[in-house]
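Colleague: In case you want the letters, here they are:
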Amino acid sequence: MPNQLEAAVEQVSRVLLGKNHAVRLAVACMVARGHLLIEDLPGLGKTTLAQALGRVTGLDYKRVQFTSDMLPADLTGFSMFDKESGKFQFQEGPIFCQFLLADEINRCSPKTQSALLEAMEERQVSVDGESRKLPEPFFVIATQNPHSLAGTFPLPESQLDRFLMRISLGYPDAAAEREILEGRNPRENISEIEQVLLAEHLLTLQEAVSQVKASDVVMDYLQRLIKATRESGLFVHGISPRGGLALMQASKAWAMLEGRDYLSPDDVQAVVAPVFSHRLNSRTSGGQTSVVEIEQWVETIDILAS
Amino acid sequence: MVNQKFTSSPKTEKLQLSRLQQGWLVLALSVTCLPIWFYVPIWVAIFCLVPISWRLRVLWKGGAQLSRKVTAGLAVLASAFVLWQWYPPIGLEPMSTLLIICCALKFLEMRVIREARTVLYLCYFIAAIQLIYEQTVFHFLLAVLSIILTLTAQNMAERDPWQQYSFKSFSLFPLKSVGWIALVSIPLTIIIFLFAPRVPSFWVVPVSEDQAVSGISDTMSPGSIGELARSSKLAFRVGFEDEVPPRRSLYWRALVLSDYDGQAWTNRENFMTIQDGGRTHFPGSNRPAPEWLDEILYEGQPLEDDVYQEPTSQHWLFALAAPTSQENGLGMTKGLRLVSRQPITQRVKYSVTSYPDYRMTGDVLDYRDRYRNLHLPDEFNPRTRELAESWASQGLSPDQLVSRLFSLFRSEHTYTLNPGAFGTDSIDEFMFDRTRGFCEHFAQATVFLLRAAGVPARIVSGYQGGELNADGNYLMVYQYDAHAWAEYWVEGRGWVHADPTTAVSPERIEMGAREILKEDPDFLADDVFSLARMQDINWLNWLRLRMDSVNYLWVSWILGYDNEQQFDLWQGLFGDLSIKRLMIILSVLAVLIMGAIGFNLWWISEERKRPRTQRQFDQFRSELLKAGVDLEPGFTPSRLAEQSRGQNPNHDSRIDALCQLFEQHFYAGVDNRQKINALLKKKS
Numbered sequence: 107m108p109n110q111l112e113a114a115v116e117q118v119s120r121v122l123l124g125k126n127h128a129v130r131l132a133v134a135c136m137v138a139r140g141h142l143l144i145e146d147l148p149g150l151g152k153t154t155l156a157q158a159l160g161r162v163t164g165l166d167y168k169r170v171q172f173t174s175d176m177l178p179a180d181l182t183g184f185s186m187f188d189k190e191s192g193k194f195q196f197q198e199g200p201i202f203c204q205f206l207l208a209d210e211i212n213r214c215s216p217k218t219q220s221a222l223l224e225a226m227e228e229r230q231v232s233v234d235g236e237s238r239k240l241p242e243p244f245f246v247i248a249t250q251n252p253h254s255l256a257g258t259f260p261l262p263e264s265q266l267d268r269f270l271m272r273i274s275l276g277y278p279d280a281a282a283e284r285e286i287l288e289g290r291n292p293r294e295n296i297s298e299i300e301q302v303l304l305a306e307h308l309l310t311l312q313e314a315v316s317q318v319k320a321s322d323v324v325m326d327y328l329q330r331l332i333k334a335t336r337e338s339g340l341f342v343h344g345i346s347p348r349g350g351l352a353l354m355q356a357s358k359a360w361a362m363l364e365g366r367d368y369l370s371p372d373d374v375q376a377v378v379a380p381v382f383s384h385r386l387n388s389r390t391s392g393g394q395t396s397v398v399e400i401e402q403w404v405e406t407i408d409i410l411a412s
Numbered sequence: 259m260v261n262q263k264f265t266s267s268p269k270t271e272k273l274q275l276s277r278l279q280q281g282w283l284v285l286a287l288s289v290t291c292l293p294i295w296f297y298v299p300i301w302v303a304i305f306c307l308v309p310i311s312w313r314l315r316v317l318w319k320g321g322a323q324l325s326r327k328v329t330a331g332l333a334v335l336a337s338a339f340v341l342w343q344w345y346p347p348i349g350l351e352p353m354s355t356l357l358i359i360c361c362a363l364k365f366l367e368m369r370v371i372r373e374a375r376t377v378l379y380l381c382y383f384i385a386a387i388q389l390i391y392e393q394t395v396f397h398f399l400l401a402v403l404s405i406i407l408t409l410t411a412q413n414m415a416e417r418d419p420w421q422q423y424s425f426k427s428f429s430l431f432p433l434k435s436v437g438w439i440a441l442v443s444i445p446l447t448i449i450i451f452l453f454a455p456r457v458p459s460f461w462v463v464p465v466s467e468d469q470a471v472s473g474i475s476d477t478m479s480p481g482s483i484g485e486l487a488r489s490s491k492l493a494f495r496v497g498f499e500d501e502v503p504p505r506r507s508l509y510w511r512a513l514v515l516s517d518y519d520g521q522a523w524t525n526r527e528n529f530m531t532i533q534d535g536g537r538t539h540f541p542g543s544n545r546p547a548p549e550w551l552d553e554i555l556y557e558g559q560p561l562e563d564d565v566y567q568e569p570t571s572q573h574w575l576f577a578l579a580a581p582t583s584q585e586n587g588l589g590m591t592k593g594l595r596l597v598s599r600q601p602i603t604q605r606v607k608y609s610v611t612s613y614p615d616y617r618m619t620g621d622v623l624d625y626r627d628r629y630r631n632l633h634l635p636d637e638f639n640p641r642t643r644e645l646a647e648s649w650a651s652q653g654l655s656p657d658q659l660v661s662r663l664f665s666l667f668r669s670e671h672t673y674t675l676n677p678g679a680f681g682t683d684s685i686d687e688f689m690f691d692r693t694r695g696f697c698e699h700f701a702q703a704t705v706f707l708l709r710a711a712g713v714p715a716r717i718v719s720g721y722q723g724g725e726l727n728a729d730g731n732y733l734m735v736y737q738y739d740a741h742a743w744a745e746y747w748v749e750g751r752g753w754v755h756a757d758p759t760t761a762v763s764p765e766r767i768e769m770g771a772r773e774i775l776k777e778d779p780d781f782l783a784d785d786v787f788s789l790a791r792m793q794d795i796n797w798l799n800w801l802r803l804r805m806d807s808v809n810y811l812w813v814s815w816i817l818g819y820d821n822e823q824q825f826d827l828w829q830g831l832f833g834d835l836s837i838k839r840l841m842i843i844l845s846v847l848a849v850l851i852m853g854a855i856g857f858n859l860w861w862i863s864e865e866r867k868r869p870r871t872q873r874q875f876d877q878f879r880s881e882l883l884k885a886g887v888d889l890e891p892g893f894t895p896s897r898l899a900e901q902s903r904g905q906n907p908n909h910d911s912r913i914d915a916l917c918q919l920f921e922q923h924f925y926a927g928v929d930n931r932q933k934i935n936a937l938l939k940k941k942s
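Protein chains in written order, with my numbering: chain A, 107 to 412; chain B, 259 to 942.
No lab work stands behind these hints: they were computed from the structure.
Predicted, not measured: the structure shown is a model, and the values here were computed from it.
A portion of the hints provided could be inaccurate.
Straight-line alpha carbon distances no greater than 25 Å define the calculated SDA-like cross-link-like pairs of lysine to any residue that follow [stated by the list, open to error]:
1. A:Lys333 <-> B:Glu416
2. A:Lys333 <-> B:Phe431
3. A:Lys319 <-> B:Trp342
4. B:Lys491 <-> B:Trp815
5. A:Lys333 <-> B:Pro432
6. B:Lys867 <-> A:Asp166
7. B:Lys884 <-> A:Asp408
8. A:Lys333 <-> B:Ser276
9. A:Lys333 <-> B:Glu864
10. B:Lys867 <-> A:Arg330
11. A:Lys319 <-> B:Ile439
12. B:Lys434 <-> B:Ile405
13. B:Lys867 <-> A:Met325
14. B:Lys933 <-> A:Asp408
15. B:Lys884 <-> A:Ile407
16. A:Lys319 <-> B:Arg870
17. A:Lys333 <-> B:Leu275
18. A:Lys319 <-> B:Pro432
19. B:Lys867 <-> A:Asp326
20. B:Lys867 <-> A:Gln402
21. A:Lys333 <-> B:Glu890
22. B:Lys884 <-> A:Tyr368
23. A:Lys333 <-> B:Arg868
24. B:Lys884 <-> A:Lys319
25. A:Lys333 <-> B:Ile371
26. A:Lys333 <-> B:Ile862
27. B:Lys867 <-> A:Ile332
28. A:Lys319 <-> B:Arg868
29. A:Lys319 <-> B:Leu919
30. A:Lys333 <-> B:Glu865
31. A:Lys319 <-> B:Arg897
32. B:Lys867 <-> A:Thr406
33. B:Lys933 <-> A:Tyr368
34. A:Lys333 <-> B:Lys867
35. A:Lys333 <-> B:Lys884
36. B:Lys867 <-> A:Ile407
37. B:Lys838 <-> A:Lys333
38. A:Lys333 <-> B:Arg897
Let the hints inform the model, and build the full structure from the sequences given.
Modeller: Structure follows, in C-alpha cells:
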C-alpha cells in the first residue's frame, strides 16, 4: 500500500517541481481524512497541486472559484421543478464530488463559507430540510491569498480548526525555477500524470491509518507537546483536544507515508507545524504563529522527559 | 482575528498579579503583622491598615493604582514619624517599625510578581522579628502560621502568570501542599535543633530601658512594692526537683537594702563584685573564695530548683536562702543572694541549690557592716526613735524587741494595699497616725525601730510565695507577689529573718497576695483583663493554668535547651565523649544526614521512576553533547544520528545503530535492551 502512496507523491512531484515536502503533506492530509488549506500568493502552484492530486488519485474532481456574490445554493445545489414529472428534482451542486478545490475561499461571504465548512465537517449537506450524504472519500483543498485582503472575509479561528493542515508552497528553488522557465508548463504535463490510486484504495488507506501503532513513549510525547502549548506561555490559547487528535491523525498518516507501521516522533515533528500553525496565536506577535516559530519551539520539548 | 485583550504590552501583562494571588498576599501580610502591632506605636498600625484596606478596596471594587508620587510621599512621611518618635532611630522598635512600613508601602504599590516577592520576603522577616519581643509557645505558633500563610501566598504568586486566577477558582489546595512541605521539614528541624551547636547570639538587641525594666527595683520607698501589685506580669517560674516547699517558706530573695537616707532604702554598691558588704563569689573564677563563705554553714537537706526568669535588665536573680549555684557568670553574695555578671535582658534559666536549714556562725559583724546597718539620718521620725529608745532602755534582747513590735502591729495596725501617700516622717505617720500599710511600710518600720534601738537591721526585698501549677510541679511567681521583709543581727546567730507581715496579716503569707488583695480596687489595676483576676471562674482558671504549663514546658525544653542540656543528651545517647569519639559521631551523623537527604532527593525524583532505557538514552545524548554535537531536547533518534554524522568527527556505525535501536525500542515496541546494553558498553 505505501508504495502506492509513494508513487502518488512521485507523480505529483513531476508537475509541481521542487515541492516534494508540500506534496507529501498534502497526501498525508488526504490519507488522514483531513482537509487542506493552502495559503499562498497567486501563481505558486496551488491549483496545479490540486489538479495533479485529483488526477493521480482518480477521484471525482471539481473546482469552485469562490466569489463575493456566491450563495450557499451555488455550492450545495437546489431543487428545481421538473415539468415533465411534475415533481421537484434536486440538482446537485459542485460539492457533490470526491475532491473539491475551493479556490480563494476567503472571497465569498461567511454564509457560503460556513456552508462549505459544515459540509467538510459533517460530510453531508442539508438542503430543503433533507440531509444528503456526500460521496466517500471526500477531500477538500481550499486556497486563500493571505496578502490582498481588500474585500475578503478572513476565516474565523473556529473555522480554521476544520482544516487538518495549513501549508504554503512558497517560491520554487533555483533548479525548479529554471526548469519552469525552460518552458515546461506544468499544467500541460498534468495530462501525462498516471493515475496510481483508486478511490477504493484511498478508503482502505484511510482505514489503515488508525492501525499505525503508537507506543506509550510517543503518546507521552504527544501529550507533552499539547500540554506545552497550554502552559508554555508562548501562545494565547493552548491546543484543543480536537487539535491534539488532528496532530495524532496527521502523524500516523505521515508514518504510513514513510512506510512504517509505528509512530515515531519524527512523524510528529514533520506534521506539527502545518497542524498547529493555524490553530495557535503567538503571544509575542499577536497573530498566527509561523511555521518556523513552531519548529523552533518543538525542538525545545524533550522527546523523552518533561 | 486576534483577541484584543492580549495585544496590550506583553511585558506588564506577563507579570500582573491576579486577584486571588493578591488576596492570599493580604491574608499573609495581615496575619504576619498582627502580633508586632502590640510592640510598636499605634500610628504604625494605622499606617499599615491604610495600604491593606486600599488593596482590599481595589480587590473588591477594582480601581486605579496609586501613583508613585503618593507612595513616595507616604514613605517620606513615615520616615519623619519614625524620627519624631525615636531620635536617634537606633534599637529594635524603630527598626522593626521601619521594616513594617516598608513592607506596607511596597504592598501598596505592588503590581507585579517581582514586587510581590519583596513583600513576601519582608513577611518572613517580620514573622521572625516578633519572636525577638516574645518567645512564648503562642507567639511561636503564630510565627509558624504566618510563615505557612506566606509560603502559600508565595506558592500562589509564583504560579503560572498566564492563568487568570479568580476568586471562583479559590481552593485550599496550595495551603495543603505548603502544609505538606512544612510537615516534611519537621524531622530535619528537630535534628538540627537537637544536634547543631548552640551558638550564643553574636549581638544583643538593644531593648529600650523603659520597656524592659520591670519588677522590683534597687530603691524601695513607701508605696513602691504596692505599685507592683497593680501588675499580673510573670516575674519568673520555678521548677522543683522534688516536692514544692510550703508557701510560708518561699521567700525569694532579690535585694538586700541596707542604705537609708530617711526616705528610701537602697543598695549603694554599684559593682557586682562587691555586694552586701562582701566580695561576690563567682564559682569557677580563679580568685580564692571570700572569707564570708566560711561563716555560712550550708547544712541540712538541700533544695534543688530551676528558675526561668523573665528579662528585667537588672543583675539580681531570685533564690531561696541560702543559695548556691554552679552556673557560669552567676555569683553568690554575702547577703545570701544570687547576682549575674550580665544584666538579664533575655529570659534565662539557672539552677539553684538552696540550703533552707543553713546556719551562720555570726561571730562578728565587721565595723563597716555594723555602721551601715545601724545608720539612721538624725532628722526624721522622732517619735519612732523615742519609742525604740524607751524599749531599748528596758534592756530587751533583739528577739524580744521584735516580738514586742510585732504584737504592737498585730493589735493596732492593718494590712492594706493602698494606705495613701506619706509625708517626710513617713514611719512616724505610719506607726502612730495611720496605722495602715503594705509590706514595705511594716518592713521599714521594723528595720528603723531596730536600728534606733541599736540592733543592726536591713530590708530584704524580693517575692513571696507563688502559684503552684500542679501540671508541671512548678511555681508561677507574678509581680503582685513582690514582698519586702526585715533581717536583724544577733550575735552568735547571724542575720535573723523577721517578716512583720506574718504578724499583721498571716493570710498574706499562708494564702498568697492574690487571695488577700483581690477585693482591693488597686490590685491588678494595670491589667484589667488579666486572667489572674478571674481565678474564681473555674474553667477560666483551668485554662490559664494549662496555658501556663504549656508555656513552662516550652520555656524549659525548647527555649531552655542549652549547651549543657545538649551535652547531657549526647552523653545519654553516646556515652562518654572524647574528642576523637565526638568527631567520629559527628562525621557519621553528617554522612547519615547527607545520605538521607540524597536518598530522599533520589527517591522523589522523576528520574527514578523512568525506565532504564530512557536514562540510557539521556546518557547517550549527553555523550553526543560531549563529543561536540549540537543537540536540542526535541531531537529524535534519527535526527541525532544525522546531526552526529555532520558534526561528530568520531561518528561511527555504532551511533547509527544505537539511534536505530533506541527508536525501535521506544516506538516500535521491540525488546532490544540487551543489544542496547551491549552497544553502550562497547564504548566504555
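Colleague: Confirm or reject each hint.
Modeller: A quick look at each hint next to the structure:
no., hint, in the structure
1, A:Lys333 <-> B:Glu416, "holds (19 Å)"
2, A:Lys333 <-> B:Phe431, "holds (21 Å)"
3, A:Lys319 <-> B:Trp342, "violated (78 Å)"
4, B:Lys491 <-> B:Trp815, "holds (22 Å)"
5, A:Lys333 <-> B:Pro432, "holds (21 Å)"
6, B:Lys867 <-> A:Asp166, "violated (53 Å)"
7, B:Lys884 <-> A:Asp408, "holds (18 Å)"
8, A:Lys333 <-> B:Ser276, "holds (22 Å)"
9, A:Lys333 <-> B:Glu864, "holds (18 Å)"
10, B:Lys867 <-> A:Arg330, "holds (17 Å)"
11, A:Lys319 <-> B:Ile439, "violated (41 Å)"
12, B:Lys434 <-> B:Ile405, "holds (14 Å)"
13, B:Lys867 <-> A:Met325, "holds (17 Å)"
14, B:Lys933 <-> A:Asp408, "holds (24 Å)"
15, B:Lys884 <-> A:Ile407, "holds (20 Å)"
16, A:Lys319 <-> B:Arg870, "holds (22 Å)"
17, A:Lys333 <-> B:Leu275, "holds (23 Å)"
18, A:Lys319 <-> B:Pro432, "violated (40 Å)"
19, B:Lys867 <-> A:Asp326, "holds (14 Å)"
20, B:Lys867 <-> A:Gln402, "violated (29 Å)"
21, A:Lys333 <-> B:Glu890, "holds (19 Å)"
22, B:Lys884 <-> A:Tyr368, "violated (31 Å)"
23, A:Lys333 <-> B:Arg868, "holds (19 Å)"
24, B:Lys884 <-> A:Lys319, "violated (34 Å)"
25, A:Lys333 <-> B:Ile371, "holds (24 Å)"
26, A:Lys333 <-> B:Ile862, "holds (22 Å)"
27, B:Lys867 <-> A:Ile332, "holds (22 Å)"
28, A:Lys319 <-> B:Arg868, "holds (22 Å)"
29, A:Lys319 <-> B:Leu919, "holds (17 Å)"
30, A:Lys333 <-> B:Glu865, "holds (20 Å)"
31, A:Lys319 <-> B:Arg897, "holds (21 Å)"
32, B:Lys867 <-> A:Thr406, "holds (22 Å)"
33, B:Lys933 <-> A:Tyr368, "holds (20 Å)"
34, A:Lys333 <-> B:Lys867, "holds (20 Å)"
35, A:Lys333 <-> B:Lys884, "violated (30 Å)"
36, B:Lys867 <-> A:Ile407, "holds (19 Å)"
37, B:Lys838 <-> A:Lys333, "violated (57 Å)"
38, A:Lys333 <-> B:Arg897, "holds (23 Å)"
Consistency with the previously given hints fails for numbers 3, 6, 11, 18, 20, 22, 24, 35 and 37, ordered from lowest to highest.
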